[in-house]
Amino acid sequence: MGGNVGYQLDFSVVWDALPSLLWACLGTIGLAVSGMLLAIVIGVGGVMLRDSRFKPARWAVMAFVELIRNTPFLVQIFFIFFALPLIGLRLDPTPTAILALGINGGAYAIEIIRGGVQSIGKGQIEAGLALGLHKAQVFRLIVLKPALRAIFPSLTSQFVLLTLTTSVASAISAYELTSVAQQIESNTFRSFEVYGTITVFYLVMSWLLMRVFDQISRRYFSYPVK
Amino acid sequence: MAAANASPAPASAQPMIAMRGVEKWYGDYKALTDINLTVASGEKIVLCGPSGSGKSTLIRCINHLEPYSAGEIRVDGTLLGDDRKTIDAVRREVGMVFQQFNLFPHLTVMQNCTLAPMRSRGLGKAQAEAVARRLLDRVKILDQADKFPAQLSGGQQQRVAIARALCMKPKVMLFDEPTSALDPEMVKEVLDTMISLAEDGMTMICVTHEMGFARQVADRVIFMAGGAIVEEGHPAEFFKAPKHERTRKFLGEILGH
Ligand SMILES: Nc1ncnc2c1ncn2[C@@H]1O[C@H](COP(=O)(O)OP(=O)(O)OP(=O)(O)O)[C@@H](O)[C@H]1O
Ligand SMILES: [Mg+2]
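Protein sequences, first through last, are from chains D and P. Residue 1 is where the first sequence starts when you use the working numbering, and the numbers rise one by one after that. Residue 1001 is where the second sequence starts when you use the working numbering, and the numbers rise one by one after that.
Okay, chain P solo, but in the shape it has when bound:
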């Protein structure tokens, strides 16, 4: 499928992510079925669906945290194989934010942000810290740079996790339910961070059930069930007139009350 109308990217540009006929098996359980998804540079996708529908599996295949079983995945033109070279190349371009933050507890906020740029990108310490300071400032948490993760609230930790991923200068950001583990009063600060990232033109795939966020920033909302993409569309149409019964049922459940 071509870039959605709302996408700022020109139609001729090479897609940032292209998944074709992707399947994923866990033993004899098929977790992903014939996934075809093209994401243009700068496009924002929201991925939703019931628990166990394969949302996490899909985005984890993109940076090879899960090897996929069939089909092909290209990230910025690089065909993702099972070899270290292409996996490295892809992971350098793809940042990921997890539900449980996964900050490194033994490192300060600053060290969390400089570790990978220094060890993986080969940046010097001063340079890595300069980048980290800029991005921590951007997620409005620079004043906590010398604290350890356990000294921060959940919302603060998740913002650090976003900054940490951004320090690698990724072209794509993947979010796996970034606000699900947060207390309600902290959801907004993380969503605001994600919105500002979206406004700056980052290519994003967000697994989330925050439908307000989807309405505001998504170029496309994709609904998955049973390991397959059931339907997708611009949020305006998607929420107003979902085509499939399963989508309606799902939206009824999460928006209903």
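Excised from the complex, chain D in its bound form:
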């Protein structure tokens, strides 16, 4: 307690930095949305491979999921940023962050979406096959939407988590809210005001994201079920 006595709140610093903080929010949203899109692609593609008849593909997906889910995100992002250049793959911080977020979110999305796919009755698949559709068509046209509907709440929380995880990208100085806040804080020493402010910003962004997902759900998954 004693150390804080006499700390005077002064939000003028935050006020002055507001434009750059708000721009940085856009950076965060950009990372989050790009990461989510990549995660969806990896998630859906991974589920198709995971349940394909081609054994090496199944194993590769299983290994990928295990690897990503059992290692720290910070290490994953460092690996892409610092280790891959040694074998000739050099990416800027922002693409690195998007890639890392997409891969990480994708691994979790595979497990989540797979749960949804498994909740779809065998009869649906058989009806599609009996109508002459191929396996991939059955997945895309018949299984996918009800499966996504079934797991949409879990996917939403996973993607909120992904949005918050963008702050880890500050470790490689990607352009996003936390790294911009760190710069402002180190110039002004106004830790309380700066981190307090971005806490609120993150809260608002999470809340907005949930609203967006709610709208998507209303729009695409509103068909009635018994």
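Hints in this document: simulated from the structure, not taken from any laboratory. Given the structure is predicted, the values throughout are model-derived calculations rather than measurements. For each residue, glycine too, the CB sits at the ideal point set by N, CA and C. One thing to keep in mind: the hints can contain errors.
Claimed, not checked - Calculated lysine-lysine pairs in the BS3-like style (CA-CA distance at most 27 Å, straight line):
1. Lys1171(P) <-> Lys135(D)
2. Lys1140(P) <-> Lys226(D)
3. Lys226(D) <-> Lys1188(P)
4. Lys1030(P) <-> Lys1188(P)
What the hints assert, rightly or not - Short derived list, chain P residues pointing at chain D, Cβ under 8 Å:
5. Arg1092
6. Gln1100
7. His1106
8. Leu1115
9. Ser1120
10. Phe1148
11. Gln1151
12. Met1168
13. Lys1169
Stated by the list, open to error - Stretch-level coverage of chain D by chain P, calculated; a stretch enters the list once three of its residues show a Cβ under 8 Å from a Cβ in chain P:
14. 45-57
15. 128-140
Position chain P with the ligands against the provided structure of chain D, taking the given hints into account.
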């Protein structure tokens, strides 16, 4: 066995379905034993037998929802193999209706009916919808075309499922206990639909215990037990004078009360 007497098809015509020496194994369990069945074009077969006797397995082999283990199956002359090409060819000619309807919940009635014709037969949307409207009208449910399956009764859903299968213009229709999941008051509307389909000359194999339906439309009734065909005959003889003890016992059980 040749086409039954009651069959409208000429004896010389190529059979619509020809199963010869078909066996089906699930691991080391033999679900079908030496199935020999020839179905002429336009013929209506009713398949009955106790639970676990292999009725579903038999008809599911015909459209390769289950691969068969031995013997051969020909559909309209095409030898059904394990390759995608013959499986596709056969599935285009064979429609199936399931006990649980299996309508796609995220698609409207209309979309349920146009999906496969568009994606599998390559029909344009307008064309597929025109076909669907005609067949939905035929099963008397055109007014529900924009509803989702969950908004329909079981009987309505099953009629949509029949229309959906018909939209592929199949030459054969397979029914696997189409009325077993229905409330009693809805059985008739589905059976009436099937009867009208039969009257139009569709080749049909129906797994059902609706013996009234069998009497009215079947050219042959086939009784299965233990994975084998035990006996078959024209419904008049089949019900009056079943030859085998197991058939008599079975008929006694389902007609008895
Ligand atoms: N996928 C499967 N794996 C193993 N055994 C199976 C499988 N499907 C069916 N069987 C077995 O094969 C036998 C025949 O099953 P089938 O479903 O064809 O019977 P059915 O005559 O349709 O019975 P029901 O009247 O109950 O529908 C049964 O003993 C069943 O347990
Ligand atoms: Mg059955």
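Verification of the hints:
no.	hint	result
1	Lys1171(P) <-> Lys135(D)	holds, 23 Å
2	Lys1140(P) <-> Lys226(D)	holds, 23 Å
3	Lys226(D) <-> Lys1188(P)	holds, 23 Å
4	Lys1030(P) <-> Lys1188(P)	violated, 35 Å
5	Arg1092	holds, 5 Å
6	Gln1100	holds, 5 Å
7	His1106	holds, 5 Å
8	Leu1115	holds, 6 Å
9	Ser1120	holds, 4 Å
10	Phe1148	holds, 5 Å
11	Gln1151	holds, 6 Å
12	Met1168	holds, 6 Å
13	Lys1169	violated, 11 Å
14	45-57	violated (count 0)
15	128-140	holds (count 8)
In summary, the numbered hints that this structure violates are 4, 13 and 14.
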